[in-house]
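Join the two chains into one complex using the hints; note that each chain is given alone, in its own frame.
First to last, the sequence lines map onto chains A and B.
Residue numbering for the first sequence follows this note's numbering, beginning at 19 and increasing consecutively.
Residue numbering for the second sequence follows this note's numbering, beginning at 10 and increasing consecutively.
Among the clues, some could well be false.
[To be verified] Computed cross-link-like contacts, DSSO-like style, restricted to lysine-lysine with a CA-CA straight-line distance of at most 30 Å:
id : chain 1 : residue 1 : chain 2 : residue 2
1  : A       : K124      : A       : K39
2  : A       : K335      : B       : K63
3  : A       : K273      : B       : K63
Hints were generated in silico from the structure; no laboratory data involved.
Source: prediction; values computed, not measured.
Listed here are the chains, written in short residue letters.
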Amino acid sequence: MRVLILDDDPDTRALVARVLKQEFGDLELVEIIDEAAFEAALQFRAPDLVVTDYDLRWTDGLSVFRTARAAFPDCPVIMFTGTGNEEVAVEAMKAGLDDYIVKSQKQLRRLGPSARAAVDRASQRRALNLAEARYRDLFRSVPVGLYRCEPDGTFAAANPALLEMLGFENERQLTGANFQQMIAPAEMGGRTLPLNDSAQQEEPWTAEVRILRRDGRELWAMNSVHVVSDQTGPVRAYEGALTDVTAQRTLLEEKSLLLEELYHRVHNNLQIIISLLSSAARQIEDPVAREHFADVSQRVQSLALVQERLYRAGNLKRIAFHGYLEDLARGIIGTDQRVTLALDLAELELSIDQAAPLGLIANELILNALKHAFAAGSRGVIRVSLRVESDGRAILEIENNGVGPGGSSAEAGLRLVRRLATQLGAEVVSSAGQDGGTRATVRFAPWSTQVS
Amino acid sequence: MNVLVVEDEILIADYICEVLEDAGLSVFGVAESAEHALRMVDSSGPDVALVDVKLAGPMDGIEFAQAMRQRHSAPVIFVTGSGDPTTLARIESVSPFARLQKPVRPDQLVSTVLAAGQGNRA
Chain A
19 MRVLILDDDP DTRALVARVL KQEFGDLELV EIIDEAAFEA ALQFRAPDLV VTDYDLRWTD
79 GLSVFRTARA AFPDCPVIMF TGTGNEEVAV EAMKAGLDDY IVKSQKQLRR LGPSARAAVD
139 RASQRRALNL AEARYRDLFR SVPVGLYRCE PDGTFAAANP ALLEMLGFEN ERQLTGANFQ
199 QMIAPAEMGG RTLPLNDSAQ QEEPWTAEVR ILRRDGRELW AMNSVHVVSD QTGPVRAYEG
259 ALTDVTAQRT LLEEKSLLLE ELYHRVHNNL QIIISLLSSA ARQIEDPVAR EHFADVSQRV
319 QSLALVQERL YRAGNLKRIA FHGYLEDLAR GIIGTDQRVT LALDLAELEL SIDQAAPLGL
379 IANELILNAL KHAFAAGSRG VIRVSLRVES DGRAILEIEN NGVGPGGSSA EAGLRLVRRL
439 ATQLGAEVVS SAGQDGGTRA TVRFAPWSTQ VS
Chain B
10 MNVLVVEDEI LIADYICEVL EDAGLSVFGV AESAEHALRM VDSSGPDVAL VDVKLAGPMD
70 GIEFAQAMRQ RHSAPVIFVT GSGDPTTLAR IESVSPFARL QKPVRPDQLV STVLAAGQGN
130 RA
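Next up, chain B with everything else stripped away, as it sits in the complex (with noise of 0.2 Å):
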């Protein structure tokens, strides 16, 4: 199964990047903007995209979220550090998968990124 990850601190991500391919996993690319993950899913899209809200760039996660949509079906789940009522009624907006608070617990991310992948091939 190929993740993409959306993440613009660089150790988060590399951790995340870890504990997938500790899971067997395996990752389809790390972007730190949105316009970079755009780019990356121009041609092939991933199975499972993990997405920051706040990223590098003009765009935020839930942007490109709406904008993969019309590209690719592959389901999204967002892992944030952001709780407030306004950024949740926006993740909401753009149904994802799912949502993991920060800090996300490893066996936590692996179960969600294999149930998120599994419903998208099913």
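Same shape as in the complex, but just chain A (with noise of 0.2 Å):
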């Protein structure tokens, strides 16, 4: 510790060494009696306390005092004076003066313990200071915009970063601004802020917010407010932190509108391919090349309906084959009045991989018992059942109540069947039916069941 003793009196000086080595033990003591000497010390290096007379041959006290604090605002200073009156004492501390100690046996006590506190009072008071001042950075430099507002909203502070957000010039443009004006009411979560809620009620939150920068541009910004008041009181203020996430935004924006465009693609290439297709078939005469050719279009048809599942399910992964096949079958009888459907369908979760070839399987088996099962004229039932068995495979059953598979196209789509379900692992038995008819019984393992 350095301590600088400022007095004519050799004596003095000496009395104030004694004094202040009992209280802190070891110490650098630079006795001083001229203006160069003081200059000197001063810059050596920083004092820790400065003791000074009044009444000095070349200067006065409070003279010292000002050229101390001007070279280190945060060094103590104490006058020991014999010289002094009570205008100079008071005149010192207001000035900011540590203490004031008369030279007299009685105040020489207080010498030692005024020392120690304005030497703890410096070292708090550097310690507060760096403590703010690496707030200050903080504040000034985190790429996150902090803001404090009133009640109403009207700006109180907020950091660079904050102003830049904003579309801020600088901290001028921030007077009389008001954050709540500028955030789009529909976007606060569902809430605005509170004005005159009471604290109690009130943990932080954090919503995306659209906010209408000062320069009229949009920003997207996670806002993360807490308030600001005392136990019970009144809101003092909001504190919050803001993230800029238009760029994130703009990114799902983007790739949502991707997407719908490939699903329109999607959707309007497959109808070009149907529209190719019929108007291929339009030149042949033959009725089975013909009907070869619808079905090339049906099976299109069962295609486009996953994608759409898929695109309507919005993971892009999976589909609800249960309601994939109720649409798929009631697409493909449409309106023919002969033919009754019967679904007995089971919920299960597919796959696009899994889902895609077999609806084309169930699409095949399908069409085959509306084409070829009833005889002329006749009526009858097709029944679609979906279920799932303990062992967490699934069956997928059409059975028809007429007289059975025929045809060449049933042939080429029982071909289609049989190579769809080695492509699945799948094992498709035909049988006769409840009803005389035909079933036909696909048993599959859902490959998230294979996975687990």
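Dropping the structure here:
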């Protein structure tokens, strides 16, 4: 610890030195008797304490105090004097002097403790200044917009990141600006800044907000807000942090637009394929060949239905296969009055890789039943059922009560069924139906259960 | 029954016309854009309009449906490849008779047009 002692009287300097050594122990004492020595001492290193007389040959104690504080704003200064007066004491204390001690036997006892208190205060002040400086640096340099606003939303403070995010060029422009009015009300996460709420119900909250910047541009941000208040008192302020998420939102919107465009293209192109098939079929006289074309169109339809289900499901990975089967079967039967459709479909979600080929299998089996199971003019029932067995395997069954499959297009369809069953690792069995018709049973393991 | 087809993909328009004519319906006209279609319905209107959403030209099918409604009461059936929520909500807002998803099934197309035409005449 370094202490400057300014007094013309060597005895007083020795007295002060003795008292301070008693108080602090080891000390670096610098005794100063002229201006040159004082200047040199201040330039050399920051003192931890200055003890000065008022009346000095070369200056006075108030000037010493001001010079020391000008050089080192935290430096504690004590005036220890026999020549000062009340006016000097008042002026010095007003200016921020740490203490004013009269040279008397009675007051001398105060010197040690007063010096100790002044040094402690200075050290606390330095610690506080350091903490404040750190906070200020962080506040100014953090890439997150930080703000404080009044209960009505008027800005009270903001860091440079916030100014930049909201389009303010400098802090002056912030004066009178209202944060609440910059936030689009619908996007406050269902709430506005509650103006008169008391704090006890107010938990911090975070919401994505759309902000109209000062220049009129739009900004999307995550706004994390907390209430500043006394324990039970009214809201005194809101403090919060703003993170710009505009880029992420733009990306999401682009992705969604891309997906919509893709969906539209896929469906349009499938429609064009069907149109081309239809146009080609019109050139063909042979009714069997024409039927093959019609079957291909129907297969394209069954694939389109998978795409549509997939897009509607929103996750692009799995579809509700039971819902798909219902749409498919109703579509194939269409307006055919001869056939009644009986559906018994348990809920089953399938991945797209499984749903598309299984959809084609179901398509062939239902189409076959419709075209070939019933004699001309006769009525019948096509039963489509889907269930999951206790071992996790799923069973798709298509059953009719007609006379049985036949015809060359049926053969082509059944070949397709066998090939797709191989791809799926599914087992297809044909058997007699309950009511005299035919039953096709497709047994397969849904891939989600295989994975687990 | 006279059906207006508003569709910018000529292959799809041809296909729709074939399906309609196979079912004994007549085609009022085919337009690739809303502007063209509006000129067609200037003097007389169709019984039913089959309209795609995305069309050639600045107006889309939904705007066309709104504009046509000022002159004719013909029911509108949208035949579209779009399925996004925004477009679906816009379609709903003009109260069409039906919306058919592309690729459309021929029997479904015909039965929907017949239902719309009958509703219109009733």
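Given the hint that A:K273 pairs with B:K63, test it: the Cα-Cα distance must not exceed 30 Å.
holds, 20 Å
Agreement of A:K335 and B:K63 with the hint, judged by alpha carbon distance not exceeding 30 Å:
holds, 27 Å
Sort out whether A:K39 lies within 30 Å of A:K124, counting only the CA atoms.
holds, 19 Å
In the structure shown, no violation is registered for any of the earlier numbered hints.
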